[in-house]
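Protein chains in written order, with the working numbering: chain A, 1 to 328; chain B, 1 to 572.
Do not rely on the hints blindly, as some may be mistaken.
What the simulated footprint calls covered on chain A by chain B, stretch by stretch (three residues with Cβ under 8 Å from a Cβ of chain B suffice, anywhere in the stretch; the number is not a length) [as the list claims (entries may be wrong)]:
1) 66-74
2) 86-100
3) 201-213
Pair ranges (Cβ atoms, derived) [to be verified]:
4) A/Ala148 x B/Met456: 49 to 59 Å
5) B/Glu185 x A/Ala148: 31 to 41 Å
6) A/Ser246 x B/Pro281: 44 to 54 Å
Keep in mind that the hints were calculated from the coordinates and are not lab data.
Glycine is no exception: its CB is placed at the ideal position from the N, C-alpha and C atoms.
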Amino acid sequence: MSGFLLRRLLACLPTLLGITLVAFVILNLLPSDPVLTWSEAGVPMSAESQARLRAALGAGRGPAERYSDWLLSVVRLDLGRSLRDARPVQEVIGEALPWTALLNLCAMAAIYGVGLPLGFLGARRPGSQGDRWSRRILLILFVVPPFAAALLMQRLFAVRLGLLPLQGTGLGEATGAARLGSLAEHLVLPVLCLALAAWAYTTRYARALFRTLFPAGSVAAARARGLSGLRLARHFAPMAALPFVSILGAVVPALVAGSVVIEEAFSWPGLGRLLVHAVEGRDYPVVLALVLLSACAVLAGQLLVDLAYPALDPRLREQVAPDGSHGG
Amino acid sequence: MTARGEPAGRGRAGRRERTSARPAAILKCAALLLLLAALPGCGRSPAPSGSSGAAGAAPTGPVRFVFPLPIEPATLNFVSGTDQSSVLVQRLVGDLLVDHDPDLHVVPRLAASWDVSADGKVLTFHLRPGVRFHDGVPCTSDDVVFTYERIMDPASKAVGRVDPFLPIEKVEAPDPATVRVTYREPYAPALRGWEIPILPAHLYRGADFAAAKENRAPVGTGPFRFVSWEAGQRIVLDANPDYWGGRPRIDGIDLRFIPSSDTALQALLTGEVDYARLQPPEWEARRTDADFQKRYREVRFVPLFYYYIAWRGDGSNPFFGDPRVRRAMTLALDREGYVRSVYHGLGRLAGSPFQGLLAGSPEPPAGPDPASAARLLDEAGWRADPKTGKRARGGVPLRFTLLVYSGGEDHVQFSQVAQQNLKALGIEMRIERLDWQTLWARLKSGRFEAALSGFMPGADPDSLYGMLHSSQIEGGQNYAAWKDPDVDAWLDAARRTLDETQRTALYRRIEARVLERQPYSYLFAPVVLAAMSRKFDGALPSPQGILGHNPGALALFPATGSPASSTSPQGR
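Work out the full structure, taking the sequences as your base and the hints as a guide.
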């Protein structure tokens, strides 16, 4: 198993390298100007003062040299400094990362917390009233674009009803233990907005999977064999975990895309906003670091899925073991 | 067990007993969700009226003015930070050497007075006595010289601040209260260049300028002290009780980073912020809303900003080298109709690049004049094909591409109006939408035929130098590549002319020439409409908003009788 893991980790390296290379090339193809990155608001500047600034920057190195320099410093765990505010990129990303992680983990919990049970119910009684109605409602939720959902929910829950906070994280206003409650309140609307669209396909996907996993009568058969309570759950839980793992592949990219919009709408200080600003401002070190980070996250997710599958499904374990021992 | 294999919708009784375990799970799930939804409900009971959030929760807390910022400042270093958000914080935490009033006239601030030598080359500032930085260290001429030196150091990346300092020969500090600036030749816009916040030299000297801790926690001499910067969320400032100009009457300012203008407006309605801009339709919709009018007052101002189209006239295309074609373009555009329909009339036509900078600039014509435009095009040889109606000259069709900024609704909408206007004249205009950096790079490189953009001139007419002087074609802002030796000479002369009457006369001549030759089509300026909470009063609108001038935030005070002010310790 460890050999399998090692092999998989090594296989990730060329992929990572390729992703950063592509990102670097795209960034360099975008027309821009280092002098302009410091005057994002379009501060007028005369030809003379620009020439002065350029002279101070030096002749400028070629793209190949810059890329290899960047790669070398990444190996030394140095992501460089942001062009915008001259702070280490680690620090800039470190500030935003926990916010995005928190938001997305909560969204994930909300997506699975609703999608899986609904899918399960639908699979149990396909075509029932509940199944049909949940499908209709979820379809409607699915087609609402995230920015519109955000605006509608903000207007309804925050402005009209005054039930939930409108935007921000709520940490600044509260003190002590109230901070946690305030944070939880502020999470509700953005998490719902992220979850809305995902509910439709997690439910559908889970429904289909449950139907193939638990063919009619399988639970009954298990019961008939005397399994009950905890033992019944232990028997079926690994199987039920499979859809959880498979749907990750669809949920994660949707969350990444959605959080850019949602973070903007809810003034959430996360990575989505950082990425938008960094791309607009051509803050190359930050953009490259974010690309690297998300590539790592996606690859780690895939690795996790690959590891989880054999753990959950003994049939796959058989295929991995000899292969792994061979590699190790 | 009977229900399992049965078709849907049947076996109701069986279902109820069999699934006893699962409904419990669903119930739990639902209960959890409800709890999640209800929890905030009880925790935020005062929210509906929305009066709590802004004042900072506790009734005894300080009354801070909560102001939304769309973009987080890059740095709070007084010299390196040149974006709008940074500049706003600078003028609150720091003191500018000189400042401008709501009517954009230069007024003293850290410099109590100044005088200019007879030859116009030496400008001497006399600093206000007894001013101290927030850490207690006195502010002297040494700090001013240090700030000047940092601006001139290219490593500081003091984008946009360097220009007015390029004609300076030397800056000296003969004594702690005096700064003497010597220019190589008389320089009329000199004073406005010194609208810069003064750095604490004792904190920055010897430190890494780009990474000093003061860049995230600034120390100045200004009316507000820095309290905290919560990354991505807000910057909090408190009134400086020892400010030389007297303690501000509000207890502090809370700058919230709210990127979406929609969200900012909603936040105003919930009371989370005290000020927000409204689009004209949003304002129209609330004009008759009594509750809205009771809670908010209208703030309205005309910024110096305007939209324009640059016609690249350097011969790289066969159309816009000819002033007749450019004039025809301006005549064809329905600027007035756009302002009337899209802005609901809340905009002003820009008839001249000096709009708002020179008293009595000529008014733009009321509406488009397609007949005159067609005549001019005919004169220039671009004749309409009798069959198709499309204009061409010598087989070359009158067809070009307009670059626009894709992120600006106004930019995109007006380009579509222009497209229709020109189509009616037999001109085919394509629209290419670009992001800001790409548009900018294209403008700088000169690889375009026409481009729609916006311009925010400074308060001095010299700020048009970049757009009109031929020395600014390469690398500067003269995107039309316009070259007129007379205008070059007049612009240079106006820089050296200290006499206001003579100087204005020069700009009048420049204006007349620009309007005759039309290197750019000057379009219109949107009026800014904002709503401000009636918890505060005293705001002075100016072309640079309610905070971007002197007194700015010092003019604000908590309104008497409002719930917020009754609990606050009133400022002096």
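Each hint tested on the structure:
1. 66-74: violated (count 0)
2. 86-100: holds (count 5)
3. 201-213: Violated, because only 0 residues of the segment 201-213 of chain A bring their Cβ atoms closer than 8 Å to Cβ atoms of chain B.
4. A/Ala148 x B/Met456: 49 to 59 Å: Given a distance of about 32 Å, which is not inside 49 to 59 Å, the answer is violated.
5. B/Glu185 x A/Ala148: 31 to 41 Å: violated, 59 Å
6. A/Ser246 x B/Pro281: 44 to 54 Å: holds, 46 Å
In this structure, the earlier hints numbered 1, 3, 4, 5 are contradicted, and the remaining ones agree with it.
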